[in-house]
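A.B. asks: Using the sequences plus the hints, can you model the full thing?
For the protein sequence lines, the chains are A and B, in the order given. Number 42 in UniProt numbering belongs to position 42 of the first sequence; there are no gaps in the numbering. Number 200 in UniProt numbering belongs to position 200 of the second sequence; there are no gaps in the numbering.
Hints listed in this document are in silico derivations from the structure and should not be mistaken for laboratory results. Heads up, some of the hints might be wrong.
[Stated by the list, open to error] Not close to chain A: a few residues of chain B, all C-beta gaps over 10 angstroms, as computed:
(1) Val73
(2) Ala86
(3) Gly93
[As the list claims (entries may be wrong)] Per the computed footprint, the stretches of chain B lying under chain A, defined by three or more beta-carbons under 8 angstroms from a beta-carbon of chain A, are:
(4) 124-130
(5) 133-144
Note that the coordinates shown come from a computational prediction; the quantities given were computed from them, not determined experimentally. Positions of the beta carbon are idealized from the N, C-alpha and C atoms, including for glycine.
Residue strings, one per chain:
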Amino acid sequence: MTSFNVPLLASAALLPPPTLRFDGVAFSQQGKALLGPCSFTLNGTGPTLVMGPNGAGKSLLLRLAHGLLSPTQGQVAWSSEGCPRQAMVFQQPVLLRRSAVANLIHALAVNNVPRKTRTKIAWEALEHFGLTPCANTPARVLSGGEQQRLALARAWVLAPQVLFLDEPTSALDPAAIKGVEAAVREFHQRGTRIVMTTHDLHQARRLAGDVLFLSGGKVCEHTSAETFFISPVSREGQAFIAGELVE
Amino acid sequence: MENNAFYVALSLLLNLDASLFQIVALSLQVSLLAVLIAAVLGFPLGAAVALWRFPGRGIMIVVLNALMGLPPVVAGLAVYLLLSRAGPLGEWGFLFTPGAMVIAQVVLVLPILAALSRQKVEELLGEYREQFMSLGMSRSRMMPTLLWDARFALLTVLLAGFGRASAEVGAVMMVGGNIDGVTRVMTTAIVLETGKGNLPLALGLGIVLLALVMLINTGAYLVGELTRRRIG
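C.D. replies: Shown next, in the form of structure tokens:
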């Protein structure tokens, strides 16, 4: 969220991912409590998968962490001074009505990357995500999978220290899901903190380092992936893993 | 035959009537310039009202919407009072010049462009808001992005504004004066010829005006449609 300058692609990998802490964070709207209060710390290597039934507050938690919403109680704190560089990939990618490469250049421009280097970085990212053939195609006529990869490429050029993903594959077919998951792993390898929501248990098993399990607006448990998938601590988590319908 | 309006219209066009050509050229100049100025002012204004929350915003939206229906003679009167010798801008000596007609039409077109672009930009902002916040964009940085991404909708808005300007007669008549060879445009010429009882000529001029407006709208539609298909 903060503006930055070059060097872009090199800087992120060198730093450990910043720690995210929720201190009694709660969010309510029109007197209705929608989330929390919840407290947890994300300081492992992740990726952190936020899981839970629909309406548990997964998306809300991501938006609070990313700063799109302000908590009505408590606070969201980062280990780094100020806010770390962060990006978010939404369930429905929000792409501008321009070509694929223009979408990336726009993201670089609003982050004050010097004009001269924008085009180069944008094309590198397109190539990295296998989007070179559709660089000049209008972003909004790309397929769903390509659109989501473009959204990931847009996040990539910003070299975020933290990447939030809100159900990024829920509308995609298996081949496209594979592409998105590969991209998520690359972000992770680059040292980006990944916080991702999903309702797909198999996807969570493939990606998760740790799991934050939510139910009814509360954090029921925050454990390592091995623990959560084999012997979850909370009753809700056990029911979820056992395939029962959790509310 | 000479009394047939279509015949008159056709012969006016085919004979490349010099005075007709001048009238048409002035009509286009005045209306296009007015729409251009109104767009330069109105689109950012509309986007600003869509983007920022400030006291009196609701009132401003209502006023802009209401001004879309501003009677041209009222706008003409206001500009007349401003530009008349005794008025605050009398020293400019603008009254009864094409410049005065442009000002009057800007007053008429500006609310249309501002009010409609406000609506279009606000719709788009609803779609883009979270992504913009995620990118850490300030409101003033959002404005050019939104205006560019709303370009197809704004093209239609521009046409609505041009329609208002080219069809309007009351304001240009009052501040222009319908002076032959100086401030006579198609609409005022039609009024004059009708008054003189020269109905075929009036109707002929009307047909030429209609054809012009159709031509411009067709061009804009084609440009918009082709690009829209390409951009998706």
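A.B. asks: Which hint numbers doesn't this structure obey?
C.D. replies: Hints that this structure does not satisfy do not exist here, as all of them hold.
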